[in-house]
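Could you build all of it, start to finish, from the sequences and the hints given here?
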Amino acid sequence: MKRALLSFALLLAGTALSAPSIHDYYKVETIAVPKGLDAQIGGLTFLPDGRLAACFHRGEVYLYQPKTKEWTLFADGLHEPLGIMAEDNQTLVVMQRPELTRLKDTDQDGEADHYQTLSDQFGMTGNYHEFAFGPTRDQKGNYYVGLNLASSGASIRPEIRGEFRHYGITREQFYLNHRAGAGRMYSAAPFRGWILKIAPDGKTTPFAPGFRSPNGVNFDNAGRLWVTDNQGDWLGTSKLFHVKEGNFYGHPASLVWTRQWEVGRNPLKVSPTEYDTQRTRAAVLFPQGSMANSPTQMLSDTTGGKFGPFAGQLLVGEMNRSRILRVLVDEVSGQTQGACLPFIDNGGLHRGMHRFAFAPDGSLWVGATHLSWAGGTGLQRVTWTGKTPMEISGMKLTERGFDLTFTHPLSQVEAAQFEFQRYFYKYHQSYGSPQLGKEPIAVTALETGKNERTVSLALDKLNPGYVYQLNLKNVTAKDQTPLLNTFICYTLNTLTNGDDKAPHLTTSGSSIQPIKAQSVELTKSPQILDAVIAGRKGPAFERHNSGYTGKGYADFNAGSGEYLEWLVTTKEAGKCHLTFRYAVAGGNRPLHLKLNGKLIQKPLPFNDTGSWTTWKDLSVEAALRKGENLIRLESYGASGPNVDRLTLERR
Amino acid sequence: MRPLALALFTFAISISAAPLKLTLSTVPGLQFDKPRFTAEPGQAIELTFKNPDDMAHNLVFTRPGQRMAVVQATLALPPDSNRPIEHQAVLAQTRTLKPNESIVLKFTTPKARGIYPYVCTLPGHGLLMYGALYIGEPMPDLAKDTHVPPLARAKSANASLHAWPHRRPLMYRIFMPDASPAAIAVALPHGVSYCWDAGQCRLRYAWIGGFVDPMPVWRGNGNGLAKIIGDPFWVAPKVFPLKVGRALQKIEFKGYRKIKGHPEFHYTINGLDVYEHITALPNGMGLTRHFRIPKITAPLSVTPGHGEIDAALTNGVAVLPPAKAKAFTITHHHRHQK
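Quick note, the sequences are listed as chains V and L, same order.
My numbering puts the first residue of the first sequence at 59, with every later residue one more than the last.
My numbering puts the first residue of the second sequence at 33, with every later residue one more than the last.
Among the clues, some could well be false.
Taking lysine-lysine and the DSBU-like style, the derived pairs with C-alpha atoms no more than 35 Å apart in a straight line are [what the hints assert, rightly or not]:
#1 L:LYS270 with V:LYS93
#2 V:LYS93 with V:LYS198
#3 V:LYS93 with L:LYS275
#4 V:LYS629 with V:LYS656
#5 L:LYS292 with V:LYS255
Think of the hints as simulated: they come from the structure by calculation, not from any bench.
Spelled out as structure tokens, the structure:
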């Protein structure tokens with residue numbers, strides 16, 4: 059009877075605790091903004107006197123007094139301000155598209171009257187994608203800002219600011235046809251794709267190149283500079299970089315503004331392998347889709363515990379989901395890397411979490427934007443209820459695997475509850491990357507620490523250059539409270555012994571030197587010609603994505619000028635169906651089809667198949683001549699799909 | 033139901049028998065307060081026309097589609113003339129009203145249905161300052177009505193651009209046509225607006241009428257240009273307006289101060305501080321650029337580019353001695369172009 063009662067009580071407790079939600083730990087409230095305001099928030103900061111300053115899409119800067127809930131207009135007329143910092147109660151520094159500006163209320167009437175240009179020493183082509191982000195400030199008072207690349211979605215304006223430079227094309231030629239060799243994102247004016255350092259006297263120094271869309275530029279408590287970047291060309295997935303002066307962070311368009319860059323050299327025609335040796339890999343990768351699509355600002359938890367148990371950790375905003383990301387930094391063999399996991403997931407936050415600031419009371423103020431993409435608008439305030447959620451609070455690499463730390467003592471766990479898999483994102487010119495080399499990784503040993511909050515896991519395979527994704531199954535605290543977030547991804551760049559070699563990240567199979575096609579005699583119909591026997595210049599021979607036939611498939615890399623060709627001999631001339639089996643995700647990638655050097659009109663429409671593992675057929679009719687026939691697919695601006703094989707069938 | 037319908041019908045008849053009394057006012061920036069209104073065919077109108085603006089205006093009703101014909105015909109007349117316009121397309125007209133005058137205009141609407149324009153025919157005003165009297169015709173959506181000025185359409189489409197009331201001066205740093213990407217648009221009082229280019233540190237052009245429609249830029253991610261609403265009256269020549277000495281000039285933008293809401297731009301020419309402050313002419317027919325170069329010690333060459341400057345011009349260039357170059361003005365007038 060006693061035992062029955064006890065289990066009944068446990069059951070009750072279990073039911074009561076089985077569904078704790080984020081609302082038990084963090085309260086999210088929406089702050090009313092002035093009526094009529096387009097409340098897309100570009101920047102948030104707190105003044106020393108406790109008021110909040112916010113800048114908005116249409117160029118306004120407002121001050122908000124939390125005590126009275128009153129908004130007052132401080133400045134207006136700014137050009138897409140995307141970041142703000144306070145110098146004192148009368149002075150704000152704001153990054154707008156054309157410049158870093160100091161706004162000062164010199165006559166103390168509550169409104170800025172002096173708009174001082176701190177630096178406009180960078181170029182603008184007027185391309186819509188040339189956003190300007192920041193500022194953040196180091197301890198010496200230097201400001202740091204991030205400059206977005208231009209997008210091939212549009213051209214430059216007839217008039218630009220600063221020098222034009224684009225691989226030997228004149229500004230006039232480029233204006234007329236910006237797709238000619240532009241690449242998906244381009245840097246045609248000084249320092250697009252760079253982080254700039256701006257001294258208090260306005261002296262502007264290019265600090266680090268290699269960025270695509272460096273929306274978040276911020277220092278953490280430890281004085282490290284962090285920059286987020288977005289999935290796209292050269293970025294297999296979105297990233298968080300630990301940035302140091304002079305390092306290169308992976309997107310090559312900005313390299314044309316380095317001193318050593320050869321004039322007229324096209325960064326898009328350099329092999330990714332060359333860049334891979336020069337680049338600094340991201341400290342943290344945010345897996346596209348599952349973790350984040352568009353990370354924004356990084357903010358370190360400076361509240362000393364007022365905001366919960368994560369003091370000192372990093373928070374990163376995300377545009378597409380109702381969540382913030384939490385980053386657990388790990389220093390391994392002198393390198394910074396770490397893990398990310400969702401935070402306040404579906405906890406009532408708007409989408410489009412763009413900018414953050416901690417109030418003096420330790421509450422987190424978050425502002426949303428969309429700029430016509432996915433996102434939201436408005437201002438919210440997040441406060442900790444004082445209850446500690448059951449969460450992962452640390453993930454550290456060890457010699458054998460990982461040590462996980464939790465906020466509460468754990469109940470009994472076993473290896474099967476820790477489902478690891480690993481994958482990598484390719485470093486290449488194409489837009490994004492599938493998760494390649496994906497495989498489950500077995501936990502070979504598990505040990506629980508004496509404090510019952512730590513678990514040491516040994517893994518079957520531990521190699522640099524992979525994301526180790528962990529899904530935790532039914533892991534609970536001692537009191538049965540389930541883990542709030544059960545999904546975490548660790549970016550392993552460097553092992554504890556310092557090994558960081560990861561040649562698989564680049565297109566090691568990429569063919570810079572042309573490879574000749576093997577000649578094949580047409581003996582039957584239909585006859586299948588695998589990609590492995592094709593000649594090629596540019597495309598890599600790959601096996602990462604499943605579903606291909608034969609030995610593998612050819613993977614187009616550069617935007618244009620690459621080809622893949624088959625050489626077939628026929629005994630007699632005649633019409634033939636050419637069927638290409640291919641896969642492409644995230645857009646259409648038409649190719650030119652050339653038969654014996656002659657362009658068969660109309661590009662072949664290799665349209666989106668939905669994923670890199672979904673293969674489809676595309677057929678076209680062509681008249682083969684007697685003897686040798688060279689069938690060539692050539693990229694001319696939109697890169698190309700993965701091509702599995704060619705099937706020839708006589709009519 | 034029947035008696036009620038009958039009663040309404042009678043009521044309507046009795047209204048149209050009495051004169052329709054209404055007020056139409058001018059609004060600074062070459063606008064009428066009502067972009068359009070309706071009346072019945074053959075209806076007596078008693079219209080009080082008020083001019084609270086700080087410049088002179090008149091009010092002329094024309095036959096359908098004849099607004100520009102009448103405006104063109106009045107070009108020959110001297111401004112502020114009180115001579116009535118003699119034109120077959122004019123239905124009714126007031127004399128020219130000075131600021132703060134008002135007048136009552138009585139007329140009977142034509143029997144023919146149609147859309148009858150009303151306009152201020154003073155030089156330069158007729159292109160922007162007009163409206164439409166709908167007689168027996170249905171009105172389309174204001175945002176789509178091509179019979180009202182573009183500004184009225186834009187206002188209707190974007191009811192509220194900010195959380196604070198619109199007031200001039202108003203300025204936006206925004207993508208503008210025919211300027212560098214670091215452009216600034218400023219709306220002065222009296223309907224005068226200009227584009228100052230922070231990328232080149234000079235005034236690029238000026239216009240009269242409305243300000244800009246910023247929505248092509250604001251609506252999305254910035255892949256658009258603000259649309260000028262109004263009538264351009266001055267465009268800068270290609271050369272930089274100021275030249276100090278013979279050395280190649282390095283020009284750097286330093287920002288601006290707001291003086292009663294108006295920006296005074298600050299830039300340097302080879303380190304020498306230059307300030308430029310722009311005001312509208314009191315009659316709204318142009319603007320004056322007030323330059324200050326407090327520390328200048330060398331002569332200054334000025335290319336005013338179709339502007340008035342208090343100095344002799346040689347090949348379009350005035351050379352000011354340092355004492356004069358410390359503070360001088362250039363005025364650009366709105367000259368009506370055919």
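Outcome of the hint check:
1. L:LYS270 with V:LYS93: Violated. LYS270 (chain L) to LYS93 (chain V) sits at ~43 Å, over the 35 Å cutoff.
2. V:LYS93 with V:LYS198: violated, 39 Å
3. V:LYS93 with L:LYS275: violated, 48 Å
4. V:LYS629 with V:LYS656: Satisfied, since the Cα-Cα distance of roughly 21 Å is no more than 35 Å.
5. L:LYS292 with V:LYS255: Measuring from Cα to Cα gives roughly 34 Å; hence the hint holds.
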